[in-house]
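*Asks:* Sequence:
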Amino acid sequence: MHNISMRKIIRVCQAECYHFLCSGRLALVPAVWVFAYQFITVPLLQNAERMHASLLVIEPYIALINSNFMILIMPVLFLVLLSDFPRVDANAYFYLVRTGKTNWVLGQLLYGVVITAGYLLMQFAGMVIPVLAEGRWGTGWSPVITDFAREFPEYAQSAGAVSIQPQLYYHVPPWEAVLVGSALLAAYLYLLLLIKLLCFLLRAKTIGLLLCFFVIAFGTGLCTTFSQMRFLMPMGNSILGIHYSQYYMKMVFPLEYSVIYFAVLIGVFIIGIIGLRKRLGGQEHD
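Note that this note's numbering gives residue 48 to position 48 of the sequence shown, counting from 1, and the numbers run on in steps of one.
Everything labelled a hint here was simulated from the structure, so no lab data went into it.
Beta carbons: idealized from backbone N, C-alpha and C, even for Gly.
Just to be clear, a hint being listed does not mean it is correct.
Below are the DSS-like pairs computed for lysine-lysine, each with C-alpha atoms no more than 30 Å apart in a straight line [to be verified]:
| # | residue 1 | residue 2 |
| --- | --- | --- |
| 1 | K8 | K250 |
| 2 | K8 | K205 |
| 3 | K278 | K205 |
Derived Cβ-Cβ restraints for the label pairs, each shown as a range [claimed, not checked]:
| # | residue 1 | residue 2 | range |
| --- | --- | --- | --- |
| 4 | Y257 | L179 | 15 to 21 Å |
| 5 | Q14 | L276 | 21 to 27 Å |
| 6 | A125 | L232 | 21 to 27 Å |
| 7 | Q46 | P166 | 48 to 54 Å |
| 8 | G272 | F214 | 17 to 23 Å |
| 9 | A125 | F214 | 48 to 54 Å |
| 10 | L211 | I274 | 29 to 35 Å |
| 11 | G140 | G272 | 39 to 45 Å |
| 12 | F94 | L211 | 27 to 33 Å |
| 13 | Q46 | I73 | 34 to 40 Å |
| 14 | G272 | S158 | 45 to 51 Å |
| 15 | F69 | E49 | 39 to 45 Å |
| 16 | F214 | V42 | 20 to 26 Å |
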């Protein structure tokens with residue numbers, strides 16, 4: 001650990017980011033934007049038109065990160081985009097030799113943070129930009145979210161009416177829902193990358209990818225049970241809305257527990273990854 005160089009760590013991260021931006025898999029992102037627009041944004045805009053009211057521009061994004069269905073799609077897309085993580089082609093091996101095992105591993109950890117944040121920013125932009133013309137900025141929930149079901153009971157179970165549940169808008173302001181919800185989802189996505197990196201160091205890269213999909217699938221299954229069991233998996237802890245009860249000022253599962261859950265898991269994985277760095281091949285120095 002004595003040969004740590006921040007310059008080399010950043011260079012590894014930059015090389016990985018450049019490779020990601022040049023990847024043809026990025027074409028999948030607009031396709032998911034279109035799907036999310038039809039699945040979430042269009043029903044919300046239809047409700048806004050019925051009420052002659054304006055959406056808050058961030059509400060489609062809040063609906064996205066609190067949707068039990070889209071919260072399945074987003075990690076899967078993330079894994080598809082980063083299916084080659086950590087990259088081990090000739091150029092990546094050159095960086096490994098030049099930077100050393102420790103700097104390369106730390107560079108991968110930094111890259112994971114950057115690409116997770118970048119991915120969520122892409123999703124935020126993809127949900128906000130289409131409603132800029134019809135929406136508004138503000139700090140409070142729009143009546144499209146809070147009052148639609150009461151004013152139009154015949155549409156109370158429509159896709160737009162249930163996209164943001166009462167347990168979320170009763171307890172959490174919109175911008176807090178964006179920040180806290182994004183942070184929890186980012187921790188979930190980053191944890192998936194750590195699983196992949198750890199399995200790569202254990203020379204089980206394919207198993208790592210399969211394990212990530214198992215975590216997603218099992219977490220999705222538990223979230224459909226509406227029981228405390230759903231908080232055993234990262235997915236349940238990453239959805240802000242299900243932490244709250246619908247009508248009472250209390251939490252189904254304390255938010256602090258989810259923060260501790262992710263902090264402990266991420267910390268354990270990072271310690272394990274750094275401890276296994278010497279398993280990397282080659283004759284490069286630590």
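*Asks:* It remains to establish, for every hint, whether it holds in the given structure.
*Replies:* Checked hints:
{"no.": "1", "hint": "K8 <-> K250", "in the structure": "violated, 47 Å"}
{"no.": "2", "hint": "K8 <-> K205", "in the structure": "holds, 24 Å"}
{"no.": "3", "hint": "K278 <-> K205", "in the structure": "holds, 16 Å"}
{"no.": "4", "hint": "Y257 <-> L179: 15 to 21 Å", "in the structure": "holds, 19 Å"}
{"no.": "5", "hint": "Q14 <-> L276: 21 to 27 Å", "in the structure": "holds, 24 Å"}
{"no.": "6", "hint": "A125 <-> L232: 21 to 27 Å", "in the structure": "violated, 33 Å"}
{"no.": "7", "hint": "Q46 <-> P166: 48 to 54 Å", "in the structure": "violated, 20 Å"}
{"no.": "8", "hint": "G272 <-> F214: 17 to 23 Å", "in the structure": "holds, 19 Å"}
{"no.": "9", "hint": "A125 <-> F214: 48 to 54 Å", "in the structure": "violated, 30 Å"}
{"no.": "10", "hint": "L211 <-> I274: 29 to 35 Å", "in the structure": "violated, 20 Å"}
{"no.": "11", "hint": "G140 <-> G272: 39 to 45 Å", "in the structure": "holds, 44 Å"}
{"no.": "12", "hint": "F94 <-> L211: 27 to 33 Å", "in the structure": "holds, 29 Å"}
{"no.": "13", "hint": "Q46 <-> I73: 34 to 40 Å", "in the structure": "violated, 21 Å"}
{"no.": "14", "hint": "G272 <-> S158: 45 to 51 Å", "in the structure": "holds, 46 Å"}
{"no.": "15", "hint": "F69 <-> E49: 39 to 45 Å", "in the structure": "violated, 24 Å"}
{"no.": "16", "hint": "F214 <-> V42: 20 to 26 Å", "in the structure": "violated, 33 Å"}
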